[in-house]
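> Sequence:
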Amino acid sequence: MSIPQLTPEQIQTMTLEEKDQWWLKNVFKGNAPQLNLRSALTGMLLGGVLSLTNLYVGIKTGWTLGVGVTSVILSFAIFKLFSKLGIGKEMTVLENNAMQSIATSAGYMTAPMMASLPAYMMVTGNVIPMWQTYWWICALSVLGVLFAFPLKKRFINDEQLPFPEGYAAGIVLDSLHQDTGKEGLFKAKLLMGGAGLAALIETLRSEKVTQALKIPFLQLPEYWDDFIYKFATPAIMGTPLKDLTIRLDTSIVLMGTGGLMSMKTAMSLLLGALFNYLFLAPILINQGIITGPGFKAITMWALWGGTAIMTTSSLYSFFSKPQVIISAFTRLMKKSIQSEQSHQLDKIELPMWVFVVGIPLVGAVTVWMGHVWFGVEYWLGIIAVPLVFIFTLIAVNATGLTAITPGGALGKLTQITYSVLAPGNIPTNLMTAGITSEVSLNASNLLMDIKPGYMLGGKPRHQAVGHVLGIFAGGLVAVPVFYALFNNDITKFTSEQMPLPGAAIWKAVAEVLTKGLSTLHPTAQLAVLIGAILGIVIEVLNQKSKGKFPISGVGLGLAFVLRFTDSLMMALGALFFWFMSKKIKDEKSFSFRAFVQNQETVAAGVIAGGSIVGLLILIFETLL
0 MSIPQLTPEQ
10 IQTMTLEEKD
20 QWWLKNVFKG
30 NAPQLNLRSA
40 LTGMLLGGVL
50 SLTNLYVGIK
60 TGWTLGVGVT
70 SVILSFAIFK
80 LFSKLGIGKE
90 MTVLENNAMQ
100 SIATSAGYMT
110 APMMASLPAY
120 MMVTGNVIPM
130 WQTYWWICAL
140 SVLGVLFAFP
150 LKKRFINDEQ
160 LPFPEGYAAG
170 IVLDSLHQDT
180 GKEGLFKAKL
190 LMGGAGLAAL
200 IETLRSEKVT
210 QALKIPFLQL
220 PEYWDDFIYK
230 FATPAIMGTP
240 LKDLTIRLDT
250 SIVLMGTGGL
260 MSMKTAMSLL
270 LGALFNYLFL
280 APILINQGII
290 TGPGFKAITM
300 WALWGGTAIM
310 TTSSLYSFFS
320 KPQVIISAFT
330 RLMKKSIQSE
340 QSHQLDKIEL
350 PMWVFVVGIP
360 LVGAVTVWMG
370 HVWFGVEYWL
380 GIIAVPLVFI
390 FTLIAVNATG
400 LTAITPGGAL
410 GKLTQITYSV
420 LAPGNIPTNL
430 MTAGITSEVS
440 LNASNLLMDI
450 KPGYMLGGKP
460 RHQAVGHVLG
470 IFAGGLVAVP
480 VFYALFNNDI
490 TKFTSEQMPL
500 PGAAIWKAVA
510 EVLTKGLSTL
520 HPTAQLAVLI
530 GAILGIVIEV
540 LNQKSKGKFP
550 ISGVGLGLAF
560 VLRFTDSLMM
570 ALGALFFWFM
580 SKKIKDEKSF
590 SFRAFVQNQE
600 TVAAGVIAGG
610 SIVGLLILIF
620 ETLL
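The sequence shown maps to residues 0 to 623 in numbering that gives the first Met the number 0.
Hints listed in this document are in silico derivations from the structure and should not be mistaken for laboratory results. Each statement offered as a hint is correct.
List of simulated lysine-lysine pairs, DSS-like, C-alpha gap at most 25 Å:
hint : residue 1 : residue 2
1    : K229      : K241
2    : K582      : K263
3    : K188      : K88
4    : K547      : K18
5    : K295      : K491
6    : K229      : K207
7    : K28       : K79
The task is simple: from the sequences and hints, build the whole structure.
Here it is as structure tokens:
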């Protein structure tokens with residue numbers, strides 16, 4: 000591919016200083032147009048629209064979708080059209096990249112309206128005023144941006160984590176903006192081919208769309224195993240496989256995500272999913288420890304052990320190699336003679352003084368809001384701020400490897416902490432969990448945004464500013480729409496029209512933990528202990544083997560808070576491209592050029608096509 004990248008061997012052997020020098024020499028594009036008036040306005044407008052799609056999906060499923068690739072292609076197409084009409088000129092690749100930072104942050108900032116805020120309103124019976132919701136979400140989102148500042152050098156510059164969704168955005172940007180040379184056209188065709196296939200599948204999965212197009216005979220089932228259940232009901236210990244989420248999805252969007260993962264992470268996801276859903280869950284359901292089948296019941300037990308693995312694995316990895324953070328603080332606190340390279344980086348990197356000043360300032364505002372608006376005691380709010388840093392490490396690690404931020408699972412960690420600190424106080428339990436979940440989500444999202452900028456030679460500082468613009472733009476659109484949907488009637492929450500599964504789980508966990516940690520089933524407490532030890536052991540083995548140990552602690556733990564089908568599809572995507580790389584050896588063949596040399600382009604196309612059409616179908620079905 001045309002984007003310069005370090006090899007895996009270089010990532011392992013080069014120092015941070017050497018990597019920075021390589022980036023400045025081979026990737027950095029200097030003062031090319033990036034964040035300017037038109038990229039800012041385009042990002043804010045697209046972000047406002049895309050925040051509504053994320054709001055809808057979150058209300059229905061509890062999930063948030065990344066909109067980075069979607070916004071990139073939409074803005075490219077818009078300005079391509081404007082250029083042909085003689086209205087201005089096309090966006091540059093870095094303008095488009097700055098724009099996607101704004102649009103993506105606008106999409107992600109909707110998360111509290113799917114979980115902690117409606118859960119709080121259901122528990123208290125009080126409707127939070129709209130203006131309080133807006134400023135609360137904005138404060139948490141900005142705090143997330145600030146917490147991301149000191150982590151960029153570690154996870155992007157040094158460890159070069161893939162951040163798959165950001166990586167996909169970078170590939171799409173590069174493919175769209177390449178000159179019309181032979182290789183650029185080939186990449187564009189691959190991108191469109193992957194997007195077209197994923198889009199076609201998403202279209203045929205919709206019953207309403209196939210009926211509207213008068214092609215119901217071409218409709219695809221939501222899951223391939225639906226055919227099996229017409230004749231039989233496969234089960235483990237009496238629980239049907241589909242009730243264990245053991246299904247084969249017809250959508251290939253998550254296969255595209257898997258194509259951007261390492262085999263180690265993908266196989267760790269699959270291993271954790273197999274152990275949890277084929278072994279643990281059926282036994283515990285049979286014994287009545289898990290209260291029933293279905294993802295909600297299973298994850299209420301499994302998330303404790305899975306989160307423990309991610310927690311200790313991430314913390315051990317971070318604190319066993321703290322040189323990057325220490326050196327950043329050392330450079331901030333002590334004036335030293337710096338090389339020309341260091342001065343150049345300081346002008347474009349996220350300045351550390353903003354982190355040092357901003358976190359206490361915005362953190363204090365957040366604690367004050369929590370106390371005045373939601374009744375969170377000052378000392379309990381203050382404790383939540385340092386907890387955020389710990390959980391952000393975990394979230395960034397998971398996002399960097401898989402593109403999935405386990406915000407809900409991390410919120411549960413906060414809930415269990417505050418069940419001990421403030422037993423019986425459900426509102427405090429929910430709102431402090433909202434702080435850690437939302438802040439870690441935005442920190443991870445900012446680094447996901449910065450990844451394509453790093454790949455293409457952009458300025459991280461511009462993307463950080465753009466991210467903040469997107470936060471305020473998304474809130475101005477999504478918050479009023481959210482309030483219009485339930486019209487101050489809390490009884491609509493968890494209804495058929497507004498199921499809000501995320502809020503339902505948050506409320507249930509808070510109620511379970513009102514009496515403290517002892518309310519967890521003894522097996523869940525044992526899972527926490529085993530998971531904590533396992534996370535450390537895996538990281539130690541990874542470091543001893545210099546990364547060659549075949550299991551990722553974050554990938555393994557994350558499988559316990561995802562559906563089996565999600566882990567399976569990502570693993571299948573990684574396996575497909577791995578198989579192609581082993582099987583196809585003719586470097587001149589189409590298969591080699593497409594699936595080996597341009598694996599990232601194909602995977603990015605699949606993600607883009609499936610995401611865009613999936614969002615359009617959701618809007619279409621809502622209108623119907």
